[in-house]
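2 protein chains.
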Amino acid sequence: MERIPSKSADLSEWYQAVCYQAELVSQAPVRGCLVLRPYGMGLWERLQSELDRRFKETGHENAYFPLLIPESLFAKEAEHVEGFAPEVAWVTEGGTEKLAERLAIRPTSEVIVGVMYAEWIQSYRDLPVLINQWVNVMRWEKRTRPFLRTAEFLWQEGHTAHATEAEAAEEVARMLEVYREVAEDICGVPVYTGEKSQSERFAGAEHTYSIEGLMPDGRALQSATSHELGQNFARTYDITYAAEDQTLQHCWTTSWGMSWRMLGALIMTHGDDRGLRIPPKMAPTEVVIVPIPRGDTSALDAAVRELYARCKAAGLRVKLDDRAGQSPGYKFNEWDLRGVPIRLEIGNRDLEAGVATLVRRDKAVKEDGQKQQVPLAEVVEFIPAVLEQIQHSLFAQAKTFLQDHTLATLDRAEFLRLLKGRAGMVDVPWCGLPECEAAVKDATGATTRNLRRPARAERCVPCGEPARWQAYFAQSY
Amino acid sequence: MERIPSKSADLSEWYQAVCYQAELVSQAPVRGCLVLRPYGMGLWERLQSELDRRFKETGHENAYFPLLIPESLFAKEAEHVEGFAPEVAWVTEGGTEKLAERLAIRPTSEVIVGVMYAEWIQSYRDLPVLINQWVNVMRWEKRTRPFLRTAEFLWQEGHTAHATEAEAAEEVARMLEVYREVAEDICGVPVYTGEKSQSERFAGAEHTYSIEGLMPDGRALQSATSHELGQNFARTYDITYAAEDQTLQHCWTTSWGMSWRMLGALIMTHGDDRGLRIPPKMAPTEVVIVPIPRGDTSALDAAVRELYARCKAAGLRVKLDDRAGQSPGYKFNEWDLRGVPIRLEIGNRDLEAGVATLVRRDKAVKEDGQKQQVPLAEVVEFIPAVLEQIQHSLFAQAKTFLQDHTLATLDRAEFLRLLKGRAGMVDVPWCGLPECEAAVKDATGATTRNLRRPARAERCVPCGEPARWQAYFAQSY
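Quick note, the sequences are listed as chains A and B, same order. Residue numbers 1 to 477, in this note's numbering, belong to the letters of the first sequence in order. Residue numbers 1001 to 1477, in this note's numbering, belong to the letters of the second sequence in order.
Extracted from the complex, chain A is given alone in its bound form:
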């Protein structure tokens, strides 16, 4: 196993090394594309199941819309196509035939969904329509960074249609809260929720809301978005309904999405110099059992198999690493790299004493509480509480980092200095004007991440105009 670079020395190098060496992904022989390997898919499946359950609990159903969108349909919503056309991959040939019209591989599905909703929705009785889909999408990218920037990626996209603006706004807020909950309570990644500025809004939306985490290098990472599309798509694609009073009305539509980018946030937030640290609720493997054989191992073999069976029966996601060709030390490093929350070590002497050594991945080597001896008879009952503690401690560490790196200022020079130095989330009263945001971007590379409440001072810190919002500025991924 190669050593991974130090996380604090070079986050980007560390990140790539961890993603490849922990076998989350492999580079594919296709520009900008990655293979999601079984361990990475294990993370994605955990995220999917947590999100999908919440989508269904909030009344949504899954569906599947086609991959390809004819150019003529795509081009109808002017603002939308302008935003997405530069990054579309086009199908122009099918079998041996040149196509009469180019077909876009979906970069997102508002267009095709809009066309179908126009057909499906007739009456107020058909509303709301609450649909989600789990799909691959494609945005032509030159650079590749696992989970953060790839030409093809996996995500879910929710698309809903409502009778009133108020209902659509409620939906958008509800799903943003689902995203916040999954980011914080499941992935252990603390985020700020708020509205995106006009420049950072989704192409074709009236309002875009986001969750934004802060990575260890002081750059923000947008991890999910939720959009009020107003009646824009409804007008373009003719999504109308007969109201109770028999008038014909346009629907109010929304869309919202979270992609495997969330996994990138999780990896960067929690990892350390030994590799991944995965919050237990997201861990494909919560517990790994590593026997330490010496001399006659027949009793030890039986004991670890019995322990493994008890963990399984208790519903734990557990692995027994009884590979013959590798030393225990090698295995410890490998499971540390893979970020498994709890390791149980058992040697012959432990077995005689009736104990196992429980090692927590959230603690540093030799930190208090990293290792403890637990009676073998009680270890399975003991584990859920420890997993709970690890979940909380990883979140708490990240939350402290976010709080320590959220900096409020009313001084323009300090504001610019903090942004240039990637000091974190810089919280200032802001005017809301696109030209002000563009000037800050030119000067520092930073933009607003999101806006969360009315300004707490009269003047915009960057430009001095009247302030409207309290905004988080930061450099971002």
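Worth double-checking, as some hints may not be accurate.
To be verified - Cut-off 25 Å, straight-line C-alpha distance, at most; resulting in silico cross-link-like pairs (SDA-like, lysine to any residue): (1) K312(A) / Q1048(B); (2) K1056(B) / P384(A); (3) K319(A) / K56(A); (4) K1098(B) / G329(A); (5) K1056(B) / L337(A); (6) K76(A) / A17(A); (7) K312(A) / R1174(B); (8) K56(A) / L1320(B); (9) K142(A) / A1396(B); (10) K98(A) / W120(A); (11) K98(A) / T1092(B); (12) K1098(B) / P29(A); (13) K363(A) / P384(A); (14) K1007(B) / G1354(B); (15) K1363(B) / G1347(B); (16) K371(A) / R274(A); (17) K1331(B) / P1293(B); (18) K1312(B) / G1354(B); (19) K1056(B) / R31(A); (20) K441(A) / A408(A); (21) K1076(B) / R1174(B); (22) K1076(B) / T1058(B); (23) K281(A) / E1057(B); (24) K399(A) / R323(A); (25) K319(A) / G329(A); (26) K1312(B) / E1244(B); (27) K1056(B) / C436(A); (28) K98(A) / E1101(B); (29) K98(A) / K1312(B); (30) K319(A) / E1167(B); (31) K56(A) / G1354(B).
Said to hold, decoys possible - Using C-beta positions, here's what the derived DEER-type ranges look like: (32) T400(A) / G1095(B): 38 to 44 Å; (33) W120(A) / D1301(B): 25 to 31 Å; (34) R143(A) / Q1246(B): 36 to 42 Å.
Said to hold, decoys possible - Okay, the calculated bits of chain B under chain A, using three or more residues with CB under 8 Å as the criterion: (35) 1191–1204; (36) 1267–1273; (37) 1288–1300.
Because the hints were derived from the structure by calculation, they are not lab data. No residue lacks a Cβ here, since even glycine has one placed at the ideal position from N, Cα and C.
Once you have looked at the hints, place chain B on chain A.
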């Protein structure tokens, strides 16, 4: 609600009408593509969860490989590309740029998986590799028939690599058995399992095995396949491993897939003139409660809500249809069309008598046992046994049909007559020669479906050459 055509009068018309009117799918504004609507997705999600659980129990993990495959890689396996090139959709432009090389949208993923396995597999310790993926694939088709023939479809494809031919053969047989079990025990569709003939084999495989159902029009429907790829892909894509004796060996690889075509088999097999009949294990909704309100409904409203809550608490997939705008009769027809296995009706008089009327979808109208009164207090405990009975009765009906339409003959004239008349699966001793199969196809439109055991007579019924196999011939979808 429009009436659907009679199933026996025109299966094809009936099938299309049911698929669209039961809201399983919609036509999309993209040639050859369909939208899978929430109810259709509900079926697919049931199938996915049944298959995925079995894949994991047999040691497989999920992963995700890229959608696009560069033409140069695709072209390496000559037989494979010859089979698939005529139906590939090609990406030739990305953003504003013409690509130097065409990229195929995967029609199947042996190629890209092969390239990655060559990278991942070094030593015998890395074997076996047992991976599955759930993805969309594309095969350029002009005609569209829901679930049976569409340009884009959803499926799973398993890809495994092994050290020995025997292990690969075992894997292929194991997954064929998983498919048989899911087809028969979950979807209630009886199938024949066996090997495909040389002409019907997967492009690039050494042996292909299939499960084949028989539709009510006497045509067979191939519902899943499992392939021994031998060392063909391993040689082309250089998938090698260092054996224990230090020699370099090529792997033996397999692939196996089931698509949403299985849903087409389920629909055609079980449906009747009133619409779908869904086996309970596949039903997105197992039970629908329809109140029959008259006069003061407050007591009835409370009772149905309480019943709904009890069904939910018992883990049943249940819906309460308390829509105000529709009559009970309209609702009965709609849920019949959608094939929900059990309907519970409750009116005010039932409520006074403390009963509900339980209606079974597997029985004809007014057939013995179609309706029965069940005490409200016991109905939830009563339902699982009825679901079990419905599951069995649908399978038994289909099994009887398959048996009645499996016809053995040793007479050539009768053989040809049965095939031309779409009499069903025609079971004959066969030589195994491609030219014999081609002649039968020319004469009747039928081909071998699969071969299951050594011939039970000396001579091939179609051509008189020495017989090797007992083969099922039929026209097919």
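Hint check:
Taken as a hint, the K312(A) and Q1048(B) pair is honoured in the structure, with Cα atoms around 23 Å apart against an allowance of 25 Å. A distance of roughly 24 Å separates the Cα atoms of K1056(B) and P384(A); the hinted pair therefore holds under the 25 Å criterion. Taking the CA atoms of K319(A) and K56(A), the gap is near 30 Å; set against the 25 Å cutoff, the hint is violated. The hinted pair formed by K1098(B) and G329(A) fails the criterion: a straight-line CA distance of about 51 Å is larger than 25 Å.
Distance hint between K1056(B) and L337(A) is fulfilled; the C-alpha atoms sit about 24 Å from each other, no more than 25 Å. For a cut-off of 25 Å, the pair hint linking K76(A) to A17(A) is broken: about 43 Å separates their Cα positions. Simply put, K312(A) and R1174(B) have alpha-carbon atoms about 24 Å apart, close enough for the 25 Å limit, and the pair holds. Distance hint between K56(A) and L1320(B) is fulfilled; the C-alpha atoms sit about 16 Å from each other, no more than 25 Å.
With a C-alpha separation of about 57 Å, the suggested pairing of K142(A) with A1396(B) is violated against the 25 Å cut-off. For a cut-off of 25 Å, the pair hint linking K98(A) to W120(A) is broken: about 32 Å separates their Cα positions. With a C-alpha separation of about 11 Å, the suggested pairing of K98(A) with T1092(B) holds against the 25 Å cut-off. The suggested pairing of K1098(B) with P29(A) holds, with an alpha-carbon distance near 18 Å, which does not exceed 25 Å.
Our distance criterion of 25 Å between C-alpha atoms is met by K363(A) and P384(A), whose separation comes to about 17 Å. With a CA separation close to 38 Å, the supplied pair K1007(B) and G1354(B) exceeds the 25 Å bound. Between K1363(B) and G1347(B) the CA atoms are separated by roughly 22 Å; this keeps the pair inside 25 Å, and the hint holds. About 16 Å separates the Cα atoms of K371(A) and R274(A), which keeps this hinted pair within 25 Å; it holds.
The straight-line distance between the Cα atoms of K1331(B) and P1293(B) is roughly 13 Å, inside the 25 Å bound, and the hint therefore holds. For the given pair, K1312(B) sits about 20 Å from G1354(B) by alpha-carbon distance, which is consistent with the 25 Å threshold. Straight-line distance between C-alpha atoms of K1056(B) and R31(A) comes to about 31 Å, which puts the hinted pair past the 25 Å bound. At most 25 Å may separate the alpha-carbon atoms for a hinted pair to count; K441(A) and A408(A) meet this at roughly 18 Å.
With a CA separation close to 29 Å, the supplied pair K1076(B) and R1174(B) exceeds the 25 Å bound. Using a Cα cut-off of 25 Å, the hinted pair K1076(B) and T1058(B) is violated, with the two alpha carbons roughly 31 Å apart. Taken as a hint, the K281(A) and E1057(B) pair is honoured in the structure, with Cα atoms around 22 Å apart against an allowance of 25 Å. At most 25 Å may separate the alpha-carbon atoms for a hinted pair to count; K399(A) and R323(A) exceed this at roughly 38 Å.
Taken as a hint, the K319(A) and G329(A) pair is honoured in the structure, with Cα atoms around 17 Å apart against an allowance of 25 Å. Among the hinted pairs, K1312(B) with E1244(B) is inconsistent with the structure: their alpha-carbon atoms are about 55 Å apart, more than 25 Å. A threshold of 25 Å between alpha carbons decides the hint, and for K1056(B) with C436(A) the separation of about 54 Å lies outside it, so the pair is violated. Only pairs whose Cα atoms come within 25 Å are accepted, and K98(A) paired with E1101(B) is accepted, the gap being roughly 16 Å.
About 53 Å separates the Cα atoms of K98(A) and K1312(B), which puts this hinted pair outside 25 Å; it is violated. Between the alpha carbons of K319(A) and E1167(B) the distance comes to roughly 24 Å, so the proposed pair stays at or under 25 Å and holds. A hinted pair counts as satisfied when its Cα atoms are at most 25 Å apart, and K56(A) with G1354(B) does not qualify at roughly 33 Å. Checking the proposed 38 to 44 Å range against T400(A) and G1095(B) shows it holds: the Cβ atoms sit about 42 Å from each other.
Between W120(A) and D1301(B), the C-beta spacing of about 29 Å keeps the proposed range 25 to 31 Å intact. In this structure the hint that R143(A) and Q1246(B) lie 36 to 42 Å apart at CB holds, the actual value being about 41 Å. Coverage of a stretch by a chain is defined here by at least three residues with a beta carbon nearer than 8 Å to that chain's beta carbons; for the stretch 1191–1204 of chain B and chain A the count is 0, and the condition is violated. Check result for the stretch 1267–1273 of chain B against chain A: violated, 0 residues qualifying (beta carbon to beta carbon below 8 Å, three or more required).
Under the rule that three or more residues need a Cβ within less than 8 Å of chain A, the assignment of the stretch 1288–1300 of chain B is violated, with 0 such residues.
In terms of the numbered hints stated before, the structure departs from hints 3, 4, 6, 9, 10, 14, 19, 21, 22, 24, 26, 27, 29, 31, 35, 36, 37, listed from lowest to highest.
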